[in-house]
Amino acid sequence: MDMLVPATLVAFWAAICTLDLFGPQLSFWRPLVAGTGVGVILGDPVQGLIIAGSLELMWLGVVSVGAYVPPDVVAGSIIGTAIGILSGEGAVASIAIAVPVAVASQQLDILFRTFTITLMHKADKAALDGNLNKIQRYHLLGIPFIILTRAIPVFLAVLLGAKYVEELFSHIPQVILDGLGIAGGVLPALGFAMLLSLMLNKEMWIFLVIGFFLAAYLDVPTIGIALVGVVVAILCDRFVNHAKDNNSVQTSAGGGLE
Amino acid sequence: MSEVTMNTHSEPQENLIVKENMGTKIDKKILRSMFWRLQLFQVSWNYERMQGLGYAFTIKPVLEKLYKTKEEREVALKRHLEFFNTHSTMAAPILGMTAAIEEKGGNGAGQGASGIKVGLMGPLAGLGDSILWLTWMPIAMSIGAAFAKDGNFFGPILALILFNIVNIPLKWYGIKVGYQKGVNFLTQAGHSGIVQRYTTMATVLGIVVIGGLIPQLVQLTTPYVLKVGSTEIKFQEIFDGILPSLLPLAITIISFMLIRKGFNAIKILLGMIIICILGKWIGIL
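Protein chains in written order, with our numbering: chain A, 1 to 258; chain B, 259 to 543.
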């Protein structure tokens with residue numbers, strides 16, 4: 001059982017990343033950071049970085065907006081990266097594993113968020129006694145459960161999964177593996193499309209053209225494009241709100257004189 | 259000179275009220291405690307009242323300080339266990355403001371506190387989503403991912419620093435300024451449409467950046483060469499002649515339109531993988 005220690009360590013890392021997602025949201029839950037951590041733990045940091053970078057670009061648009069529970073990128077990227085490294089198949093295997101895992105883990109997440117309703121009702125009862133400390137305890141009681149929803153699947157997958165994946169991949173024809181490799185380059189398009197579907201409306205597409213032009217024709221790096229974006233956003237705001245601003249200045253000036 | 263003072267005429271009055279309250283009951287220690295508690299805001303997230311329990315947990319030090327009897331606490335807790343859901347970073351100013359209302363008006367102003375929560379959670383969720391989730395996060399992460407794909411450790415570290423240089427101050431100053439300026443801070447802003455304006459500006463910035471990321475990070479070219487007699491037609495050269503990064507742009511727009519048509523992202527992903535494999539097999543990819 002030489003996988004026991006790495007499996008435990010990766011599961012512990014999964015716990016930290018999960019707590020980040022439900023807590024401070026410092027980005028440890030993002031594939032880029034979560035996957036890199038797995039690479040470090042499993043002793044192949046460079047491979048971990050490459051896989052984490054690929055998964056991050058694929059899942060750039062996966063964020064929780066409103067009450068929507070998205071595919072779980074924490075379990076997806078941690079298990080995906082671990083299997084990619086342990087099976088020796090790299091980023092291709094990682095993407096193939098990470099996607100179904102994220103969807104399955106999403107169901108566990110929904111289960112957790114349903115279970116926590118009981119905590120809510122217990123807190124209601126504690127509120128009748130004005131018991132603040134009990135309320136605090138019920139809130140914090142969510143932590144072990146939320147951690148386990150990710151840590152247990154990660155532990156099992158790392159402990160048992162790698163050798164099956166290795167076996168599985170040895171039977172897959174080369175043309176499919178090559179196709180998966182190409183897909184790795186294409187998948188960021190889906191990430192961007194998901195982001196755009198939340199942001200883009202009819203008047204906004206022109207801004208997409210500006211960014212595309214700067215990168216495709218002028219090779220401006222991302223930070224430079226972001227700076228142009230800030231300028232465009234401010235100019236656009238000034239332009240749209242110019243008339244309104246003038247009015248509000250006049251009315252507030254009038255109010256001051258009174 | 260005169261114009262400046264006139265423009266800010268509404269503030270001195272508000273400042274008076276704030277100064278009256280500052281340091282009486284809620285001190286910096288309590289605000290700091292709320293900040294740390296906000297770092298565990300969603301660990302009890304549930305479908306019934308979402309961040310309701312998290313809100314009560316985070317504002318606990320305020321209630322502890324202001325209300326001493328069981329009855330008072332019961333009333334106060336009831337309104338802070340209500341349904342609540344917003345972007346977890348953007349909960350900070352709402353927490354600060356409700357702390358100020360609780361301090362000023364006590365349980366008598368309970369409706370005011372609930373009103374602020376309900377009234378601001380929607381607009382602030384929109385602001386947080388558009389500034390942090392849809393703009394700043396993709397910028398920070400895609401810059402980091404570009405380094406990471408070259409095996410460079412600088413990537414994830416840079417991404418963490420970039421994201422949190424915005425994320426953490428928003429939380430701390432959200433609570434602090436929300437408390438100090440009180441209700442007027444964002445209710446006024448809400449009326450004058452400032453929240454909406456910042457949301458739009460963040461969206462514009464995000465779209466410009468995504469436009470730039472498409473040619474940088476989506477990789478798709480064709481090795482396909484058509485031989486007509488002795489001349490070779492390289493398709494990639496033709497595409498580059500029309501528009502650099504034509505294929506990455508096309509695949510992004512197609513995906514976007516499919517999502518808009520209601521296709522599930524997972525289905526699009528599987529479709530992409532199948533097309534890539536087929537494309538490789540027949541030799542066009």
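Just so you know, the hints here were simulated from the structure itself, not pulled from any lab data.
Be aware that one or more of the hints could be misleading.
What the hints assert, rightly or not - Below are the PhoX-like pairs computed for lysine-lysine, each with C-alpha atoms no more than 25 Å apart in a straight line:
1) B/K286 to B/K362
2) A/K163 to B/K362
3) B/K519 to A/K134
4) B/K336 to A/K202
5) A/K134 to B/K283
6) B/K485 to B/K525
As the list claims (entries may be wrong) - Footprint (simulated), chain B over chain A, 3 or more residues, beta carbon under 8 Å:
7) 5–17
8) 75–85
9) 127–134
10) 154–167
11) 178–187
12) 206–212
13) 222–232
Beta carbons are placed, not taken as given, at the ideal position from N, Cα and C, and that holds for glycine.
Given hint A/K202 paired with B/K336 - CA-CA distance at most 25 Å: Violated - the C-alpha atoms of A/K202 and B/K336 are around 44 Å apart, more than 25 Å.
Pairwise hint evaluation, B/K525 against B/K485, where the allowed Cα distance is 25 Å at most: violated, 36 Å
Check of the segment 154–167 of chain A against chain B for coverage (Cβ-Cβ below 8 Å, three residues minimum): violated (count 0)
Proximity test - 8 Å, beta-carbon atoms, the segment 5–17 of chain A to chain B, at least three hits: violated (count 0)
Within 8 Å of chain B's CB atoms, at least three CB atoms from the segment 178–187 of chain A: coverage verdict: holds (count 8)
Verdict on chain B covering the segment 75–85 of chain A, criterion of 3 CB contacts below 8 Å: Not satisfied, violated; 0 residues make the cut.
Cβ contact check, 8 Å cutoff: the segment 222–232 of chain A against chain B, three residues minimum: With 8 residues in contact (Cβ-Cβ under 8 Å with chain B), the coverage given for the segment 222–232 of chain A holds.
Within 8 Å of chain B (C-beta), three or more residues of the segment 206–212 of chain A: holds (count 6)
Hint consistency between B/K286 and B/K362 [alpha-carbon to alpha-carbon, up to 25 Å]: holds, 16 Å
Restraint status (C-alpha distance of A/K163 to B/K362 at most 25 Å): Outside the cut-off at roughly 63 Å; violated.
Given pair status - A/K134, B/K519, alpha carbons within 25 Å: The hint is violated at about 47 Å.
Pair hint A/K134 and B/K283, alpha-carbon separation not exceeding 25 Å: Within the cut-off at roughly 23 Å; holds.
Taken one by one, the earlier hints fail for this structure at numbers 2, 3, 4, 6, 7, 8, 10, listed in ascending order.
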